[in-house]
Amino acid sequence: MTTLEKLKEILCECKGEDIDITPETNFDELEFDSLDKVDIVMQIEEAYDISLGENLQLSTVGELIAKIDEAVANK
Amino acid sequence: MQTKLTRLLGIRYPVIQGGMAWIADASLASAVSNAGGLGIISAMNAGADFVREEIRKCRAMTDKPFGVNIMLLSPHVEEVAQMVAEEKVPVVTTGAGNPLRFVKLWKEAGTRILPVVASTALAKMVERAGVDAVIAEGGESGGHVGDLTTMALVPQVVDAVHIPVVAAGGIGDGRGVVAAFALGACGVQMGTRFLVAKECTVSDAYKKKVLAAKDISTMVTGRRLGHPVRAIKNSYMNAYAKLEADSNVPDEELEKFGVGSLRKAAKDGNAEEGCFLAGQIAGMVSREQTAAEIVSEVMEQAEAMMEGVKWDV
Ligand SMILES: Cc1cc2nc3c(=O)[nH]c(=O)nc-3n(C[C@H](O)[C@H](O)[C@H](O)COP(=O)(O)O)c2cc1C
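As given, the protein sequences belong to chains A and B, one line each in that order. Each residue of the first sequence is one higher than the one before, counting from 2 in the working numbering. Each residue of the second sequence is one higher than the one before, counting from 175 in the working numbering.
For reference, chain A alone in the conformation it holds in the complex (with noise of 0.2 Å):
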């Protein structure tokens, strides 16, 4: 599994809905609250056995792919 389709599943079962995702898509244009947000990064930390660090900022899904892919190569 890619991690953009691991991403996808966590932010699908998120919105309680299939959306479409692609490295483009923004996380404003996705409407998450801070809850959701906070479960996001708990289910990505959980599932890769990494941290994303404290200061953590959602832009697109791109760039939250590189810092996941980035985290997992220097564990």
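Hints are computed from structural coordinates only; laboratory data are not their basis. Note that the structure is a prediction, hence the values are computed from the model and not measured. Be careful, since some hints might not be right.
Stated by the list, open to error - With a straight-line cut-off of 30 Å between C-alpha atoms, the simulated DSSO-like cross-links for lysine-lysine are: (1) A:Lys68 with B:Lys278; (2) A:Lys76 with B:Lys281; (3) B:Lys281 with A:Lys68; (4) A:Lys38 with B:Lys416; (5) A:Lys16 with B:Lys416; (6) B:Lys372 with B:Lys441; (7) B:Lys278 with A:Lys38; (8) A:Lys76 with B:Lys278; (9) A:Lys38 with B:Lys430.
Since the structure of chain A is already known, use the hints to place chain B with the ligand on it.
Relative to the frame of chain A, chain B with the ligand by itself:
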């Protein structure tokens, strides 16, 4: 009564008086701490000097542990966070966000850290950062609210973390305390009930509104801007709800409409234009009492109900 919470904080009863913006000052906090609970001073949006002054006043009135509630969205959060570490405040509670970036600073100052959480993911995240306990607050409460209720949230947070859990939201007497224990919490935080404490310096109009409130007297507004609050229905709240539902009203106008409303309620007692934050339990709060009377009445009722029951709290 001793629980994990009383041992953690060095207090007599497992009762915390929640931070309340514009309301919870040294007078209320010291009274609750002297009564054997944990009193809390609200830092709200104030600057460090204002909060330091309240801390010193509180220290002059009690030698018991007390806390400061830090609103993480405050424009002065950095300086206030630094100041409470310098002052070696015994306990910090945090609201409206994730306090990860301050955990190290406060731990080094010997401060106990209890973030307010409204979901299991946030509880797990702050546990990992090394906080001492979490306060799981349900949407029955007054002030900023999440969606989950205390009944559903508390046991799920208890299962999600290994640190002590304090229950908040909708607790107003000994029955609520016992219910919290039954859900796996080891203490409670109350806000609404302490609004009418004799030592609470909030306006008389505010106390009157809380005392007169019944079960269905509160409502929630502010969902559209992403920070819903529960307050007592009045002309301000009804007008806000109308504006909020009107899609022709831009967010900025809504934001502007709310400015100053907390102060108008707490300080000026402006019954029409004030935002009187209070929880659903306000309907059960019917007497002004001293903080000591509130704490001992609540705990005596809880202990009587728990007599003979052996619980691991
Ligand atoms: C008037 C009022 C103001 C509040 N202000 C704050 C605040 O500034 N920061 C915070 O973390 N919680 C705040 N709260 C929440 C309380 O600390 C507490 O968790 C809550 O009142 C518990 O629920 P209850 O009202 O049902 O007792 C406030 C509550 C009330 C009633």
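In ascending order, which of the hints set out earlier in this document are inconsistent with the structure? none
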